[in-house]
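In order, the protein sequence lines correspond to chains L and W. Going by the numbering used here, the first residue of the first sequence is number 1, and it counts up by one from there. Going by the numbering used here, the first residue of the second sequence is number 112, and it counts up by one from there.
Honestly, the hints are just simulated from the structure, not real lab data. Some clues are possibly wrong.
Unchecked claim - Below, in silico cross-link-like pairs of lysine-lysine (BS3-like), each with a Cα-Cα straight-line distance of 30 Å or less: (1) L:K57 x L:K14; (2) W:K153 x L:K70; (3) L:K57 x W:K223.
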Amino acid sequence: DGGITQSPKYLFRKEGQNVTLSCEQNLNHDAMYWYRQDPGQGLRLIYYSQIVNDFQKGDIAEGYSVSREKKESFPLTVTSAQKNPTAFYLCASSSQGSGYTFGSGTRLTVV
Amino acid sequence: GESVGLHLPTLSVQEGDNSIINCAYSNSASDYFIWYKQESGKGPQFIIDIRSNMDKRQGQRVTVLLNKTVKHLSLQIAATQPGDSAVYFCAENIAGNTGKLIFGQGTTLQVKP
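Could you build all of it, start to finish, from the sequences and the hints given here?
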């Protein structure tokens, strides 16, 4: 079955540590997105990529980095520069003219 | 900037009643609209979509209405069930915006038994 997979489901980060969240899709979608969701709030766009080897900053890119070396994969690194990283992170993919398919999310907690 | 907004942050309904969740959008160039349902701790799931050349679309127990004159989108859920309790997001695609959706803030639907 085609879908989009995020891992891990739960992630704990120590102060000053970089962590990488995985997002893989086998839907053959060109575009992929990363969103952050805080409790009781909506979705805020971190980064997006519409084609391999290219990506653009979203509304809250500071403290995050991404890569898009393969069509299927769009990992997100939360760097130590992100001072408030505790949140629920959602990855999504889409093809032109269609809606998004979302992953099941990664909950990141700073310990 | 352009945004998609919702009229009410929380909607509480009795089980079996119909629910109506509203969404206002401000960009007249939007050509595609989607409703998503997000249960606690999970990713949003597609419910129903509608393109701007339509004003109504029906699915199983759900109907989306689009009023382009007042830039208003609504999601109607018939015979609301406890399993419908979730956060509902509307999203719009602005024509020519390379497929990047703009999401509303979300409405929490609470279904009382």
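Evaluated hints:
For the hint pairing K57 (chain L) with K14 (chain L), the CA-to-CA distance comes to about 25 Å; that is within 30 Å, so the pair holds. Simply put, K153 (chain W) and K70 (chain L) have alpha-carbon atoms about 26 Å apart, close enough for the 30 Å limit, and the pair holds. For the hint linking K57 (chain L) to K223 (chain W), the alpha-carbon distance of about 41 Å lies beyond 30 Å, and the restraint is violated.
Violation of the numbered hints given earlier is confined to hint 3; every other hint is satisfied by the structure.
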